[in-house]
Amino acid sequence: MKKARYRVVVIGAGIMGLSTAFHLAERGITDVLVLDRGYLCGGASGRNGGGVRAQFSTETNIRLMQQSIRICESFATRMKINVWFRQGGYLFVTRSAERGRALEATVKLQNDCGLPTRLLEPSELGTIVPELDAGGIVRASFNADDAVVFPWPFVWGYARAATDLGVEIETYTDVLDLRTRNGRITGLVLRRTAHDEIASWDRLGPTDARDEAPPSFAEVSSCTPGERTEIECDEVVLCAGAWSPELARKVGLELPNHPHRHEICSTEPLKPWLGPLVASLDDGLYFSQSARGEIVGGIGVDPVPPGINQRSSMEFLARYTRSLVRMVPRLASVKVLRQWAGCYDLTPDGSPIVGRVEEPSNLVLACGFMGHGFMMAPVVGKLLAEHVATGETSELFAQWALRRFREGRLVRETMIIG
Amino acid sequence: MTEKSLFCRCEDVTVSEVEKAYGEGHHDIESLKRYTGFATGWCQGKQCLVACARFLAERSGTMPEAPITPRPPVHPVPMGLLAGLEPSEGDT
Numbered sequence: 001m002k003k004a005r006y007r008v009v010v011i012g013a014g015i016m017g018l019s020t021a022f023h024l025a026e027r028g029i030t031d032v033l034v035l036d037r038g039y040l041c042g043g044a045s046g047r048n049g050g051g052v053r054a055q056f057s058t059e060t061n062i063r064l065m066q067q068s069i070r071i072c073e074s075f076a077t078r079m080k081i082n083v084w085f086r087q088g089g090y091l092f093v094t095r096s097a098e099r100g101r102a103l104e105a106t107v108k109l110q111n112d113c114g115l116p117t118r119l120l121e122p123s124e125l126g127t128i129v130p131e132l133d134a135g136g137i138v139r140a141s142f143n144a145d146d147a148v149v150f151p152w153p154f155v156w157g158y159a160r161a162a163t164d165l166g167v168e169i170e171t172y173t174d175v176l177d178l179r180t181r182n183g184r185i186t187g188l189v190l191r192r193t194a195h196d197e198i199a200s201w202d203r204l205g206p207t208d209a210r211d212e213a214p215p216s217f218a219e220v221s222s223c224t225p226g227e228r229t230e231i232e233c234d235e236v237v238l239c240a241g242a243w244s245p246e247l248a249r250k251v252g253l254e255l256p257n258h259p260h261r262h263e264i265c266s267t268e269p270l271k272p273w274l275g276p277l278v279a280s281l282d283d284g285l286y287f288s289q290s291a292r293g294e295i296v297g298g299i300g301v302d303p304v305p306p307g308i309n310q311r312s313s314m315e316f317l318a319r320y321t322r323s324l325v326r327m328v329p330r331l332a333s334v335k336v337l338r339q340w341a342g343c344y345d346l347t348p349d350g351s352p353i354v355g356r357v358e359e360p361s362n363l364v365l366a367c368g369f370m371g372h373g374f375m376m377a378p379v380v381g382k383l384l385a386e387h388v389a390t391g392e393t394s395e396l397f398a399q400w401a402l403r404r405f406r407e408g409r410l411v412r413e414t415m416i417i418g
Numbered sequence: 001m002t003e004k005s006l007f008c009r010c011e012d013v014t015v016s017e018v019e020k021a022y023g024e025g026h027h028d029i030e031s032l033k034r035y036t037g038f039a040t041g042w043c044q045g046k047q048c049l050v051a052c053a054r055f056l057a058e059r060s061g062t063m064p065e066a067p068i069t070p071r072p073p074v075h076p077v078p079m080g081l082l083a084g085l086e087p088s089e090g091d092t
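Sequence order for the protein chains is A and B.
Each step along the first sequence adds one to the number in the numbering used here, with nothing skipped, and position 364 is 364.
Each step along the second sequence adds one to the number in the numbering used here, with nothing skipped, and position 39 is 39.
Bear in mind the hints are in silico, worked out from the structure with no lab data behind them.
Computed from a prediction, not measured in an experiment: that's the story for all the values here.
Even glycine gets a Cβ: it sits at the ideal position worked out from N, Cα and C.
Simulated DEER-style distance windows between Cβ atoms: (1) 358(A) / 58(B): 51 to 59 Å; (2) 25(B) / 71(A): 20 to 28 Å; (3) 109(A) / 24(B): 38 to 46 Å.
All chains, please: the whole structure from these sequences, using the hints.
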């Protein structure tokens, strides 16, 4: 940190925080500090499947993601970094008649919003993925506009563009406490973290049982003394994903979202053969071929160990490969190179929690993105910067506000994978 | 050693690319991995991790704090084999 006071402090240097910081700087607010407990790409922003799609079930998400895809298309040219953007579309499939009917309704909504999504009969699947075994599939939808990216350079792109404009990013820096006075945050108490503290979310200790939660960050960090500093700020934007509830609690704010481990794996690289990202609405299976050639995918596993847990399980590999090999039998001989896990940040109604809260009045939230934070960050970061800079609340952020849970105005999104 | 000398043979990452990343402020193994993509290919770091540790030690004068978290499986495994597992065999 170069200064003792900042106009805006963003907690969390994931894609949401970095996109927000970049857009703040673009609007002329460069007195911005972005903090992260770990390293860039260490959280969900570096652990997701890189899917970018507009096939959603609410008009809000469909329209937002249309804009996000447009931003992704020109990101490489604009940010001067290769993000391996590959527009092969998204193919949703289901073996259930009931989900098939729901899919018909969402495709109609998507078409009304201007998406070119097509409903497909099982017999048409072969035209898009000839290797797919369509057995049992009753309905599918395809939007050729959806895409995949490689998440890491996307994060670096925002980080570099933001720092070029004067934003500061401090990694390995934990927020120990948030100082408040008269209903406002006045400052932050920070501490340097060590690499081992961050890695503890990923690693099994010798005595760990399967369902035992890893030690909480507070437990690990309290015994590791690090250099402490205090800074002051005018405004705080909380973009810490699955870590948001624990940080909000430091100012007495209880958030209804919670972390949920989601696993993923990657195979040896193959020459390009798979066009779209394929996703099943039945078991949450999804897989795509990255521009690097690997088959990257995951599946829903429930229940998962509670809390922040980024460890890998054999159960995931068994479920994922079973479902995948059933859908594409030729993949049986392809080898898994590595698996890893990250945390979805789940809310009770499937929609994010965004915008300024009532108290502390200078705290802006951007969390609860349900595993869609990465793909939404290009557009949401821009809207957040506008919200912070102008102080105005858009219709969208009013809809996504924290108080909807108190007032019972929930916003249901059902097209969630994994 | 030339500009084109390989640092990570699986992902074609050169020594000069790692030096450039270091120059841009990436001074730990996890960040270097995510910035350059080294250790994400066939060997998953079995060949290049030591080179990275040495690279950092030479520049900072101290040993790096920790290696990357190793990702399962230890060796590549065909998906057909994994698909035969019972989905209840515990965390790895």
